[in-house]
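Here the protein sequences come in this chain order: A and B.
Each residue of the first sequence is one higher than the one before, starting from 1 at the first, in the numbering used here.
Each residue of the second sequence is one higher than the one before, starting from 90 at the first, in the numbering used here.
Worth flagging that the hints you see were computed from the coordinates, not collected in a lab.
A hint or two may mislead.
[What the hints assert, rightly or not] Pairs of lysine-lysine residues, derived as DSS-like cross-links and limited to a Cα-Cα distance of at most 30 Å, are as follows:
| # | chain 1 | residue 1 | chain 2 | residue 2 |
| --- | --- | --- | --- | --- |
| 1 | B | Lys-212 | B | Lys-156 |
| 2 | A | Lys-18 | B | Lys-336 |
| 3 | A | Lys-26 | B | Lys-156 |
| 4 | A | Lys-88 | B | Lys-336 |
| 5 | A | Lys-88 | B | Lys-407 |
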Amino acid sequence: MRAVITVIGQDTVGIISKVSAYLAEKQINIVDITQSVLSEFFCMVMLVDLESSTEAFSDTVDALGAIGRENHLDIHVMHEDIFNSMHKI
Amino acid sequence: MHMLSTNSILETINMITEEHLDIRTITMGISLLDCISDDINVACERVYDKLTKTARDLVKVGEQIEKEYGIPIVHKRVSVTPISILGNACKTEDLVPFAKTLDRAAQALGINFIGGFTALVHKGYTKGDHRLIASIPEALATTERVCSSVNVATTKAGINMDAVAEMGRVVKLAAELTAENGCIGPAKLVVFANAPEDNPFMAGAFHGVGEGDAVINVGVSGPGVVHHAIQKAGDCDITQIADTIKKTAFKITRVGQLVANEASRRLGVPFGIVDLSLAPTPAVGDSVAHILEEMGLERCGGPGTTATLALLNDAVKKGGTMASSHVGGLSGAFIPVSEDAGMIDSVKCGALSLEKLEAMTAVCSVGLDMIVVPGDVSASTISALIADEISIGVVNTKTTAVRVIPAIGKEVGDVLEFGGLLGSGPVMPISSFSAERFISRGGRIPAPLQSLKN
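Whole structure, please, built from the sequences with the hints as guidance.
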């Protein structure tokens, strides 16, 4: 399955590195990534493939949520189908 | 780029985190027809076993979907075959043991409501219907999670006025028996015309006899999302408002359909319907009244309210229908007074009256919902209120319902607190002119003509 990870918050050093280090550790492949900084607000959207992930998806949701809270960022990890169903016919 | 635009992704996340988008309920309908026995204890045991087996994974699967898709699923619930049908076979008169069994099963399953302590008497009563309706006040007073409903009319059968008269007394007694507990009894009781057999929303959910053995029905919500979309549309004309609502309803309903498919697949239970509803909660930013005000009303309840509600209700259905493979249930905007912060404010400031609410129910889903009236109102006045509301449904070939709460010991100006999703209801004035003689006549109002429509 594939999921969309969004990271939103104050721009600080090493945000992408923290998230991608965790993903690499769990064998979660980044398929696509886009990021922008808008008036100090950092917004990163990643599409990831969890086919080879070494942990349950719900654990990934929890772990990245925790990384977000530690760094004062809003991190959401959601199955890509919720976006596809809402925005594609 | 295989990814959706960042804007689309952020829009979805914003709907969930800022605008209260949620799946209001995954409701599993379960047939209890195979639990019938002439011994009520045996029947209750079969009911308990069937419910706890069939819906065993409902809460777990609901929570999994919630986590993986990042969408809150507020309730996981169960609806069952109208218990009056099982009550027909029993040798005993009192059907309260069925209610207690449903309550116990709901507790074991970890769900907050179970619906189906129900009788369908639109044309006449069976023995089981008499027993069930007589058991309602005690059933609601001695259980926490059981919801009850009685269908007293259909467009094809007309209105059973004996049942309307009886339900006035039942509502009053249900309030009296729970007077110490915020008169919660009648908040769990719905009197219907044209009740749908696949409604996932409480308190009126039951699993109709035309349904299969088990089914998954999903109710969506999202008044906050619609409100924000209209706000964003700014000073546009009404055509654009209708289009905005349709597009928003489409998006909301697609999420409902996704969750329904996923729940059905994981539970191995067929998908039934998605109920296209705008169901408010007392939370700030989750109000149907505020949508109507955003369209340009000073207050919900003032002139223009029926027109804005008609537009909203129709646009929600048009947008939602294409987003779902099967639509059913109540499908429309709900206007429960105590559960909607904007409605509560409108009542408190005198903008919204019982009479205006009745008019509003002619163009939206359900009916006079979660309305608190003074505790000294007579049973025949409640019956007359029911008769009025039910007539609107029967003549207009739609579902209408009454969930009215006599606040024992309280009068106009007081507030009845239910807490939680049921919110709090200001006691509303009700006309003091009597309908006693009309209600005491009994009999049936014949089915209305379906042509010569003017």
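Against the structure, the hints come out as follows:
1. A threshold of 30 Å between alpha carbons decides the hint, and for B:Lys-212 with B:Lys-156 the separation of about 46 Å lies outside it, so the pair is violated.
2. Taking the CA atoms of A:Lys-18 and B:Lys-336, the gap is near 37 Å; set against the 30 Å cutoff, the hint is violated.
3. The straight-line distance between the Cα atoms of A:Lys-26 and B:Lys-156 is roughly 19 Å, inside the 30 Å bound, and the hint therefore holds.
4. Restraint check for A:Lys-88 and B:Lys-336: satisfied, since their Cα atoms lie roughly 12 Å apart, inside the 30 Å limit.
5. Using a Cα cut-off of 30 Å, the hinted pair A:Lys-88 and B:Lys-407 holds, with the two alpha carbons roughly 18 Å apart.
Violated hints, in rising order: 1, 2; the structure is consistent with all others.
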